[in-house]
Amino acid sequence: MHAGSAALKTAAMPVSSAVIDAKALVRCALFAALIAALGLLPPIPVPVLPVPVTAQTLGVMLAGAVLGPRRGALAVVLFLGVVAVGFPLLAGGRGGLGAFFAPSAGFLLGWVPGAFVVGALAVGATSLLRLIAACLTGGIGVVYLVGIPWMAAVADLSLAQASVASLAFVPGDILKAVLAALAARAVHRGYPALGA
Amino acid sequence: MTILIDNVSVRFGDVSVLEGLSLDLRERRIGIIGNNGSGKSTLARLLNGLVLPSAGRVVVEAFDTRTHGADVRKLVGFVFQNADAQIVMPTVAEDVAFGPKAHGLAPQDVAARTEKVLAQFNLAALKDRACFNLSGGEKQSLALAGVLALDPRWVVFDEPTTMLDRKRAKTAMNAITALPQHVIVVTHHVELLEGFERVIVLEAGKVVCDASPREAIAHYLDTYI
Amino acid sequence: MSIGVFVPGASALHRLPPGLKLAGLAVYAVAVSLTDNAYVMAALLAVLGAAWAISGIGMARLLAALKPLVWILAALFVFQLAVSGVRPAMDMLLTVGAVVVAAALVSHTTRTDDMLAALKTAFGVFAPLGVNAQSCAFAVVFTIRLVPFVATVGREAIAARMARGASGNPLPAVVPVIIRLMRETDQLAEGLVARGFGRA
Numbered sequence: 001m002h003a004g005s006a007a008l009k010t011a012a013m014p015v016s017s018a019v020i021d022a023k024a025l026v027r028c029a030l031f032a033a034l035i036a037a038l039g040l041l042p043p044i045p046v047p048v049l050p051v052p053v054t055a056q057t058l059g060v061m062l063a064g065a066v067l068g069p070r071r072g073a074l075a076v077v078l079f080l081g082v083v084a085v086g087f088p089l090l091a092g093g094r095g096g097l098g099a100f101f102a103p104s105a106g107f108l109l110g111w112v113p114g115a116f117v118v119g120a121l122a123v124g125a126t127s128l129l130r131l132i133a134a135c136l137t138g139g140i141g142v143v144y145l146v147g148i149p150w151m152a153a154v155a156d157l158s159l160a161q162a163s164v165a166s167l168a169f170v171p172g173d174i175l176k177a178v179l180a181a182l183a184a185r186a187v188h189r190g191y192p193a194l195g196a
Numbered sequence: 001m002t003i004l005i006d007n008v009s010v011r012f013g014d015v016s017v018l019e020g021l022s023l024d025l026r027e028r029r030i031g032i033i034g035n036n037g038s039g040k041s042t043l044a045r046l047l048n049g050l051v052l053p054s055a056g057r058v059v060v061e062a063f064d065t066r067t068h069g070a071d072v073r074k075l076v077g078f079v080f081q082n083a084d085a086q087i088v089m090p091t092v093a094e095d096v097a098f099g100p101k102a103h104g105l106a107p108q109d110v111a112a113r114t115e116k117v118l119a120q121f122n123l124a125a126l127k128d129r130a131c132f133n134l135s136g137g138e139k140q141s142l143a144l145a146g147v148l149a150l151d152p153r154w155v156v157f158d159e160p161t162t163m164l165d166r167k168r169a170k171t172a173m174n175a176i177t178a179l180p181q182h183v184i185v186v187t188h189h190v191e192l193l194e195g196f197e198r199v200i201v202l203e204a205g206k207v208v209c210d211a212s213p214r215e216a217i218a219h220y221l222d223t224y225i
Numbered sequence: 001m002s003i004g005v006f007v008p009g010a011s012a013l014h015r016l017p018p019g020l021k022l023a024g025l026a027v028y029a030v031a032v033s034l035t036d037n038a039y040v041m042a043a044l045l046a047v048l049g050a051a052w053a054i055s056g057i058g059m060a061r062l063l064a065a066l067k068p069l070v071w072i073l074a075a076l077f078v079f080q081l082a083v084s085g086v087r088p089a090m091d092m093l094l095t096v097g098a099v100v101v102a103a104a105l106v107s108h109t110t111r112t113d114d115m116l117a118a119l120k121t122a123f124g125v126f127a128p129l130g131v132n133a134q135s136c137a138f139a140v141v142f143t144i145r146l147v148p149f150v151a152t153v154g155r156e157a158i159a160a161r162m163a164r165g166a167s168g169n170p171l172p173a174v175v176p177v178i179i180r181l182m183r184e185t186d187q188l189a190e191g192l193v194a195r196g197f198g199r200a
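Residue numbers (the working numbering), protein chains in the order written: chain A, 1 to 196; chain B, 1 to 225; chain C, 1 to 200.
Since the hints were derived computationally from the structure, they do not count as laboratory data.
Where a beta carbon is used, it is the ideal one built from N, C-alpha and C, also for glycine.
There are no misleading hints in this set.
Computed footprint of chain A on chain C, listed as stretches where at least three residues anywhere in the stretch have a Cβ under 8 Å from a Cβ of chain A:
hint : stretch
1    : 17 to 26
2    : 100 to 109
3    : 133 to 143
4    : 148 to 154
5    : 173 to 186
Use the sequences and the hints to build the structure in full.
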C-alpha cells in the first residue's frame, strides 16, 4: 500500500520532536494572526452598545477547536499580548493597554478561557453537533461569564442590565459558533493533526 | 565523511513510505530520483533528522539522527523546494544570521559568517532589504546562503528545480555543482544529474537502481517513458 | 511569505533600545485612548509628529500602514457620526490613527533581531516558571509577521471566489484559507528546525 497525499505523509510520519514543537509554535502564532486578520473584516456596530460585533470571536473559537485547549488558549494570549504592546490589531484598529480598560475588555479576557473550553470540549469530537456545542459553551458561555460581570463593574450597570445589553450579540455569536464548528470539522478532515 | 542508512523503514499505520533501506552515502555528488510518492522526499528528510526512522537508524558521522538531531543538522544543511518556506526573518541579513545564531555561535562569529556568505552570493547590497520583495532568483540565493552560513559538510536539496523554468533551473544547478560541500540532490529532472558520481533510483519506497548516472538514468527512463 | 517592516535608517528613533520603544508605545496607546482633553490630545499628536519627522520614514509607508484599516474605520466613523455626533466620531478617528501610526513607527524603526532580543529579556523574567523565553519571543515576532500574510491569503481567496462568480461573502473561503495557511506555516516550521531552531 502506498501513500497518496503528501500532506498526510509528512504529518503522520515519525517526525523529530523539534519539528513538532516548531509546528506547534508557528501554528499558535498563525491563529493569533488569524484572529488579527479577521478584525480587518468590517464590523457590524450595534446601536447603544460600546462593543461592535466582529469576526474575531470566530477566530477565537477556531483556535480552540483546531489547536486544542492549551494551544488554542496560548494563541489567544499571544494575540492579546501583541495587542497590549500597542499593535492595533483589535477590530476597528484598536490596540494598546487602553483596550484592556474599556467596558468591553472582559469579553477580550474571556477569550482565553473561552478558547480553552472550546478546545477541551472539541477534543476528539467528530460529530458536528458536539463541535457546535463546544463552540457555544466556550465561545459564548465562558466568554460572557467573564465579559458580563466586567462590563457591569466598569460601566456601573447591574448584572441584569449588563446581561440584557449583551443579548444583542447572541444571535451573531451563535452564527459564528456554527461557522467555527463547520470550519473546524472541515479542517480536521482536510488536514492532519499535529505529530499524529 | 559518511551518512549511513542502516536497514531503515518509515511507516505510519499500515502505510509504508520507505522499506528496509540500507545505503552508505560517501560520494561528493549524489542524486536521488523517483516519481512522486516514491519516498524520495522522505529519504531527504531522514538525512538531517527532520523525519526519524520507524525502524533502523540513520547515522551522520558519529551522530544518530534520533538522539543527536541538533548536531546532525549542523552537519547536514537542507535546502527546501520552496525558498519562501525557509526564509524565516524579515530582512536579508537577519535571515542569513538566523541559523548561526540558532546554533549558538558567538555574536562576532555570526556577524563574520553572515558577511562572508552575503558577499559570496552577491547579496551584500541587499542586506537590509525585505525578503518579501526579493525576486524569485534572489530568494533562492538567500535560501542557499542561509544554509551555507551554518558551514555544513553536506547540503541536501529537495527538488531544487521543480518550481523553476529551464533557464533558471540550469543556473541553480550550476550553483549547486560549484559547491565545495558534499551534495545530495533529490529531483525528477534527471538531465541535471549528468556530472554526478552516483544516482539512486527509488520506487515505492525501495531502491531499484543504484549506479552511475548514465546507468541509473537509463533505468529510470526505460521504466517510466 | 515574510513581510519586512523594518526600514533601515540611522535616526535617533532607530537607535533607541527596542524595549524602551515597546514600553513607550504601550504608554502612548493608553494616554491617547484615555485622554478627553483637546490640548493633551494635541500635545500627544505633536509628539507623534516629531517622532515621525525624526524617524525619516516616508509618508507613503505611513499611509500603507493605515490602508488596511480604511474600510473598517470608514464604517465605524459613519456609525459614530450617526449615533454620537461629529466630535466623538473625530475622536475615534484621531485615537485609532495615532495608535496605528505610533505602532508603525516602532515596527519600522526596529530590527526584528533587536525586537527578539528585547522580548527574550522580558520573557526571561518568567524563566523560573518554566517559560521558554526564546520560544515566546519567536511566537510574538511570528504573530506580527504573519498578520499581513494571513490578510493577503484571505484577500486572494475572496478574489478567487468572486472571479468564479461567487458572492463577496468571505466565510465559505475560510476552510481552504486555513488549510493553505497551515500547510505553509508547517513548511516554515520545518525550515526553522532545519536551520537549528529548537535544540532537540
